[in-house]
Amino acid sequence: MANQLSGIAIILFIAFGSLTFILLFIFAKRQITRFALKSRHRPHYPVGAGSSKSLIKEIERRLDVIDYIRCEPVQLSENIRLQFEDENLVSQISPPHVYRMKVIDDVRELCKFLKAENITRSRHIQEDIMQYFVRLHKNNLFRNLNIQVLYKFLLLYEHARYQPEVFTYDHYCQFSELLQALKDE
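Numbered by full-length UniProt numbering, the letters in the sequence shown go through residues 1 to 185 in order.
Just so you know, the hints here were simulated from the structure itself, not pulled from any lab data.
Glycine included, every Cβ here is placed at the ideal spot set by N, Cα and C.
One should not assume that every hint holds.
Pair by pair, the computed Cβ-Cβ distance ranges are [as the list claims (entries may be wrong)]:
hint, residue 1, residue 2, range
1, Tyr-162, Lys-112, 15 to 23 Å
2, Gln-174, Lys-138, 23 to 31 Å
3, Gln-126, Ile-14, 55 to 63 Å
4, Asn-146, Thr-33, 54 to 62 Å
Subject to a maximum C-alpha distance of 30 Å in a straight line, what follows is the list of computed DSS-like cross-link-like pairs (lysine-lysine) [claimed, not checked]:
hint, residue 1, residue 2
5, Lys-57, Lys-38
6, Lys-115, Lys-57
7, Lys-53, Lys-38
8, Lys-112, Lys-138
9, Lys-152, Lys-183
10, Lys-138, Lys-115
11, Lys-183, Lys-112
12, Lys-138, Lys-183
13, Lys-183, Lys-115
14, Lys-138, Lys-152
15, Lys-112, Lys-152
Sequences and hints are given; from them, build the entire structure.
Here is the structure:
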């Protein structure tokens, strides 16, 4: 009886050992595949394959720099900006996304205007617009301005910048009035 139990124990030990080995193999293969798919070279073809090592390093260096580029480009071309100067043409601008683009340009120009007055009021490109204006309000830049007016201005900016609802001419008019109130301060 003891020999029979030890034989069964050996068979069970070998079975569980092989099962454990198979599970570990599957797990390791899956992890290797996962990390290979997360590789920074997509699609799965080496960048600069067949090129010299120095060219590959230069390509990789330039690709790595992309993460650190921060830029706020001008949204509207000069001829569309001129349409906003004529009151009759502003209400007739057909695609509503142009109003969104104008709002973004106006806020960028306001930031430049504030920076020109005092360099300490400058905004870092990565700094959130809402945090920037709240910081300026706390530093008493907009002393006579009600905080609700500032929040209304920022909400209209957020609506123009991020929300999927249509940004209409009426929204743009409200934004322009609030922008003028900020500039007057």
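Right, here's what the structure says about each hint:
The supplied range of 15 to 23 Å is met by Tyr-162 and Lys-112, whose beta-carbon atoms lie about 22 Å from each other. As the Cβ distance of Gln-174 to Lys-138 is approximately 24 Å, the hint placing it in 23 to 31 Å holds. Taken as a hint, the range 55 to 63 Å holds for the pair Gln-126 and Ile-14, whose Cβ atoms sit roughly 60 Å apart. The hinted range of 54 to 62 Å is satisfied by Asn-146 and Thr-33, whose Cβ atoms lie roughly 58 Å apart.
Taking the CA atoms of Lys-57 and Lys-38, the gap is near 20 Å; set against the 30 Å cutoff, the hint holds. With a C-alpha separation of about 39 Å, the suggested pairing of Lys-115 with Lys-57 is violated against the 30 Å cut-off. For the hint pairing Lys-53 with Lys-38, the CA-to-CA distance comes to about 23 Å; that is within 30 Å, so the pair holds. With a CA separation close to 19 Å, the supplied pair Lys-112 and Lys-138 stays within the 30 Å bound.
For the suggested pair Lys-152 and Lys-183, the alpha carbons sit about 15 Å apart, so the restraint of at most 30 Å is met. The straight-line distance between the Cα atoms of Lys-138 and Lys-115 is roughly 17 Å, inside the 30 Å bound, and the hint therefore holds. With a CA separation close to 12 Å, the supplied pair Lys-183 and Lys-112 stays within the 30 Å bound. The suggested pairing of Lys-138 with Lys-183 holds, with an alpha-carbon distance near 17 Å, which does not exceed 30 Å.
In summary, the hint linking Lys-183 to Lys-115 is supported, as the alpha carbons are separated by about 13 Å, within the 30 Å threshold. With a CA separation close to 17 Å, the supplied pair Lys-138 and Lys-152 stays within the 30 Å bound. Among the hinted pairs, Lys-112 with Lys-152 is consistent with the structure: their alpha-carbon atoms are about 21 Å apart, no more than 30 Å.
Violated hints amount to a single one, hint 6; each of the other numbered hints is respected by the structure.
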